[in-house]
Amino acid sequence: MGVPVRRFDAVIVGGGGAGLRAALQLSESGLKTAVLSKVFPTRSHTVAAQGGISASLGNVQEDRWEWHMYDTVKGSDWLGDQDAIEFMCRKAPEAVIELEHFGMPFDRLENGKIYQRPFGGHTQNNGQTPVQRACAAADRTGHAMLHTLYQRNVRANTQFFVEWMALDLIRDADGDVVGVTALEMETGEVFILHAKAVLFATGGAGRIYAASTNAFINTGDGLGMCVRAGIPLEDMEFWQFHPTGVAGAGVLITEGVRGEGGILLNSNGERFMERYAPNLKDLAPRDFVARSMEQEVLEGRGCGPNKDYVLLKLDHLGPDIIKQRLPGIREIAIKFAGVDPIKEPIPVIPTCHYMMGGIPTNYRGEVVIPQGDNPESRVNGFFAAGECACASVHGANRLGTNSLLDLVVFGKSAGDSMVEYIKNEMPTWKDLPADAADRSLARIARLDGQTNGEEVADVRTAMQRTVQARAAVFRNADNLSKGVTEIQQVAERVKRTQIKDKSKVFNTARVEALELENLIEVAVATLIAADARKESRGAHAHADFPNRDDEVWMKHSLYYGDERRLSYKPVHTKPLSVDYIPPKERTF
Amino acid sequence: MTDFDPVELKRIRWHSRRGLLELDLVLERFLAQRFDSLSPAEMSAYKALLELPDNDFLDVVNGKTDLDDPSIMQIVEILRAI
Ligand SMILES: Cc1cc2nc3c(=O)[nH]c(=O)nc-3n(C[C@H](O)[C@H](O)[C@H](O)COP(=O)(O)OP(=O)(O)OC[C@H]3O[C@@H](n4cnc5c(N)ncnc54)[C@H](O)[C@@H]3O)c2cc1C
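Residue numbers (UniProt numbering), protein chains in the order written: chain U, 1 to 588; chain A, 1 to 82.
It should be emphasised that the hints constitute simulated quantities derived from the structure, not laboratory data. If you're wondering where the values come from, they're calculated on a predicted model, not measured in any experiment. Misleading hints may appear alongside valid ones.
[To be verified] Computed cross-link-like contacts, DSSO-like style, restricted to lysine-lysine with a CA-CA straight-line distance of at most 30 angstroms:
no.	chain 1	residue 1	chain 2	residue 2
1	U	Lys281	U	Lys113
2	U	Lys495	A	Lys10
3	A	Lys47	U	Lys504
4	A	Lys47	U	Lys335
5	U	Lys534	U	Lys555
With the hints as extra help, turn the sequences into a complete structure.
Structural data, given as structure tokens:
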């Protein structure tokens, strides 16, 4: 053994918006808090969020948190837990104003209040008319949030471990979480970080798909670690496809573009969203727009030589609006699509964007799993927040701008729960199990000793192609069941990946091989959960079962990696204070 | 490349992993096509560029803004063309 041990009150894996917000609660309450990140925290993927963060501030038009809640429940296609959704929407105004007080530079109205822009799925009066609810800092909302939170953490003495990769979760004989193992990239050494409480805020895993808006870093490490530690993953069949990724590159064109008046056209020059969603048109929720676009392509009205994309038209907004309100978008279009949107429309396709599922938590940020008769019993010492967690507020489909909100609301809530847990229940550290680092050391030893293996990049490409071909926007039984077989074959190949560079120090080949071991767990979970769900709900559109089936399927899936099996648990239908919002058909 | 030890080169490669897909796509091509043949001066310039926050870096790569240092701009021109 001889693995060095370091001790903290709290260890947070992930320095994006969720991890930083949670860390702040802990550090400010005087607890010794470590934040681990694979990259410098302000380079976390949160930096990519352009569109904004939602809150019913009502600065531009009348708005109420109850309407925000309604939109979120409806957006989730009634798979979201209504207690968690109420919690988030009620807290939203306070959370945004807190960020403002922290110094986040929001866009403002002339009267000095925060400007709010329109965004897909945001409405007044339970679906009646669009409302301006998204708060933004130009098109750098995520960047501004990260910098603001990072500075606050530095002030609060949070200890950052930058370029440290968490490898595995440490659970003791009671199943309680007592720390993580982690690789310091600089030295190649493995450490044990011993903690009273651990939070995962490791972000998404969109790199399981070939067409993805996610940066390369989104490899689902937190989910892989959970699967290996026997913790199930919730609702992994639900992946949001952003309707407007640049065809061929994946780079995202924010919904804000449609909010400002951009429209989608098919090869006949028709604004087809008027047919699918007469009220909300191009601003209908993402899954709906993505499927409408696919439908146009499937019916032969796609554009380009292969008729495989549609067009996003902006030129009618005029150069001034485009340059002022949407500056980044013009550069993206020029660089990655080769068109200037002031003159020409941008070719776009639905592209994997966001993981609705993840580590099962409640609205307090506690990780909860079935034990005995209780479908949601707490895993002591373990918390999760942000995209890697499933609270579940996004259900089967996330509303735009609700993710940044999720990060700060549930980051803070999880931080508060950890402070309470550490102060009330954990006067001292639980013992580390004798084999605490064995799994991680064995994984590294396997990689170092592997001969006749395959290249990491080749196996990763095989995984991405399989997931893309079998579990993208349109799904059917035949495709999914083939996908289940194929992805498990790819998983066997992951066990034999080989790296040429066996050195210790800054071995990025090793890091990528370890990341692939996490990605594949997410990919297998996705295929198995998607194959099992025989209905269509939100982002899971099943051609053989085109309708939502609330009788049978209004339930969350839980995927267990050890036996590659599923179980299910009920959706929470009791909000905290208001009436249940009963299911309706989603029309726009 | 004598001025940079192999560990430093690996570190620079890792620092080419960014929070924005746009940068990942451009830098991936750059690492594959150009990185190994950079002169020590060019490598220093690239390293300095990596210190920029992601959004500023992307603005530079997209040609929206320029930087003062001519040696860094040489690398920027390579990135813009790639
Ligand atoms: C292009 C794009 C635009 C978006 N725009 C919006 C928007 O306008 N509004 C909105 O609400 N949402 C938006 N989203 C979604 C939103 O940005 C993300 O869901 C959110 O930022 C995720 O934040 P996070 O804190 O959970 O994770 P991240 O910001 O991804 O951070 C994850 C952190 O975990 C660390 N990490 C991961 N694995 C390990 C490990 N093994 N060891 C150590 N550290 C690790 C990483 O280094 C990083 O610090 C957008 C997403 C994309 C891709």
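Going down the list of hints, with the structure as the test:
For the suggested pair Lys281 of chain U and Lys113 of chain U, the alpha carbons sit about 29 angstroms apart, so the restraint of at most 30 angstroms is met. Among the hinted pairs, Lys495 of chain U with Lys10 of chain A is consistent with the structure: their alpha-carbon atoms are about 25 angstroms apart, no more than 30 angstroms. Proposed proximity of Lys47 of chain A and Lys504 of chain U is supported: the alpha carbons are some 22 angstroms apart, at most 30 angstroms. The suggested pairing of Lys47 of chain A with Lys335 of chain U holds, with an alpha-carbon distance near 23 angstroms, which does not exceed 30 angstroms.
Between Lys534 of chain U and Lys555 of chain U, the direct Cα distance comes to roughly 12 angstroms. Compliance with the 30 angstroms bound is thereby established for this hinted pair.
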